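Peer 1: Listed below, chain by chain, are the residues.
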Amino acid sequence: MPQSPGRLLSIIVDHPELLFMKKIWIYYFLGIAVMLSACDRKSDLNIDGIPTDVRIAQALATYQQKLTDAPYGWVVTQYTNGTSTNGGVTRNGPKAVFSYYMKFDKNSQVSMLSDFNMGAATVFNNTGYRIKANQRPTLIFDTYSYVHLPCDPDGSISNSPFGSGFGWGTDFEFSFADNVAAAELGDTIRLKGNLNQAEAVMVKATQAEQTLFTTSGFGSYSTFNKILEYFKRVNVGGVIFEITPGVGGRSFDIKTTGSQTITNVGCQFAPTSIILQEPVTVGGLTVRSLDNLVWNAGSRTISATVNGTAATIAPALAPLSPEPGIAIAFYNEGLDNPWLTIPGFHISGVDDAYNIRGLTFPGRTYYRYVYYPGLVDAGGGDFYDVLSPFFVGATNGYPYLFAGGVAYPYLQSGGRLTFEMLDGGDPIVNPPAIISTNNVFNTGKTAPPYFANSAGFYIVRKADGTTMDMVTAGDALGWISWNHQ
Amino acid sequence: MKKIFFIAVITLLGGKLAQAQQSTPSPVNQVKEGYKQTRANTDYSMIYLRNIAVTDAQKPQVNKIILNYLDAKRTLALANKQDLSVYRQQQPALFNDFKTKLAAVLNSEQMSAFMASKPPLDDKKNLLRGLFY
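Protein sequences appear in the order of chains A and B. To convert, note that position 87 of the first sequence is 87 in our numbering; the numbers rise steadily by one, no gaps. To convert, note that position 117 of the second sequence is 117 in our numbering; the numbers rise steadily by one, no gaps.
This is chain A alone, in the form it adopts within the complex (with noise of 0.2 Å):
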């Protein structure tokens, strides 16, 4: 309803509060003006002139220009931290390095090599990548490729010691950690993994590196792996050490003779050298690279130059200085604490050749494959050993124990353990895998011709304290790892 000028007056007279908010009506209105005028789009995200979405284009392109510019590509060196992430969960293993030639072209396309199998090391892959602006400007590799071949959580493609469901703790999306603008970067890009963390450093190539690689791959890689033997020794100018896989087979355990100490080193394949993550002390000789790798068919023996010296790797049957008692120390060690491994036989440079991580059996799920010594009453006070898979999902998770799974141990000399896989009359038919394992383990070799006695299997422990490989005596073509986990 109207009203009259002396009737407001009156009314303010009456109620001086009316007043003061009209003024707080008057603050506020100001107060989004001012708030409004400040997010004026044209004033303060601009530097030099250009808008915010314009410089992130910029420096992404960038960054491709820089991987692109290349002209003979780049050296890609992975660096894991020991621990690899799914899900939230994170676990503890090996370190390793892997090694990746790559050539990035405009189109969003790269082609590699890799050191992660022999396939990897000689044939090229061709995948895509993208550079996304992250938090940081990150380089994803968004198609299957060998980067994410370590990554697998499918252990049966990653090999990763890692467990079920995680890989070797190496990524696929990484971000530029150089803190330099992507105009700066040189001739050395460092990068980081969004989720492992785990570093990675290329350098570009040389002409000559790009002939190497486009010619023989990782020679290097594929030179050392001729060797198929798990013990390989090591001849430069009289001094001798053993390289003999680390855990996982990502990196080197070296031992001198007559030493006990296991100096576990990560290993960098290029073309035509293995260069050692630090360099060893052996016997005097300090090696930081094994170069010039060449294979002899008809030696069976790789030479190569160690510090510029004459140096030969040759394949060896036994251990170069073997842990006395060690044999014995195995089974003890495993007498309440189970010696455990996921894959089976690594055998003739093919890991877990008989497959065992692929196991099955009705209404259970294959866990581990177990050596639990002293369970199985022998008679007279003795016990057989448990040899065999164990499943979950069922009261029963040992199903193949009476069917070849009951394991006669027996030590014999020079540190072999030799079983003999007894068959407890369970009808249950073993597959294939079972079958072939059993058939290594009962012979110590992994192929005929077979002695009339086994051979048994020499146990070589590992750098991290925890390992244990059993290796073939009868030939050093097969291993495998044992631990508690």
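Everything labelled a hint here was simulated from the structure, so no lab data went into it. All of these numbers come straight from a predicted model, not from anything done at the bench. C-beta: ideal position from N, C-alpha, C; glycine also. Treat the hints with care, since some could be wrong.
[Claimed, not checked] Partial list, computed: chain A residues near chain B (C-beta under 7 Å):
| # | residue |
| --- | --- |
| 1 | Pro338 |
| 2 | Asp351 |
| 3 | Tyr366 |
| 4 | Arg368 |
| 5 | Gly381 |
| 6 | Tyr398 |
| 7 | Gly424 |
| 8 | Gln485 |
[Unchecked claim] Simulated restraints, written as ranges between beta carbons of each label pair:
| # | chain 1 | residue 1 | chain 2 | residue 2 | range |
| --- | --- | --- | --- | --- | --- |
| 9 | A | Ala57 | B | Ser26 | 49 to 59 Å |
| 10 | A | Asp336 | B | Asn96 | 24 to 34 Å |
| 11 | A | Gly298 | B | Ser117 | 54 to 64 Å |
| 12 | A | Asn117 | B | Ala79 | 47 to 57 Å |
| 13 | A | Arg288 | B | Ser26 | 38 to 48 Å |
| 14 | A | His484 | B | Asp71 | 18 to 28 Å |
| 15 | B | Asn80 | A | Glu420 | 19 to 29 Å |
| 16 | B | Lys125 | A | Ala394 | 25 to 35 Å |
| 17 | A | Val201 | B | Ser26 | 34 to 44 Å |
Starting from the structure of chain A, add chain B where the hints point.
Peer 2: For chain B alone, kept in the frame of chain A given last:
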């Protein structure tokens, strides 16, 4: 009131989850527990009386007698592992007790077949040694 109830439920679920995570057995313990269960549920008649036709009615009793006997033998062996002569002295009494119990379940023909299956002492790769010695 609703909020208090909601918070209480969340706290309870969180506690249960943490407890479940803490109580997940290690692989070694899982494997050991699995062996205990397998041992308790094995059909021993199939292994130790493999050429003897044991009826379905006899099987549970036979398996229980064998398992108890193996338990007693293991206890005796582990207690005297430094001096197995004690084991060798006491094992025959355990075996006689086992034989008496088994004879109460098996008929005489089955029992004779079982006793005839005794392996020689030096047949170290015969699982039946586990019962007879």
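Peer 1: Check the structure against each numbered hint from earlier and tell me which ones fail, lowest number first.
Peer 2: Of the numbered hints, 2, 3 do not hold.
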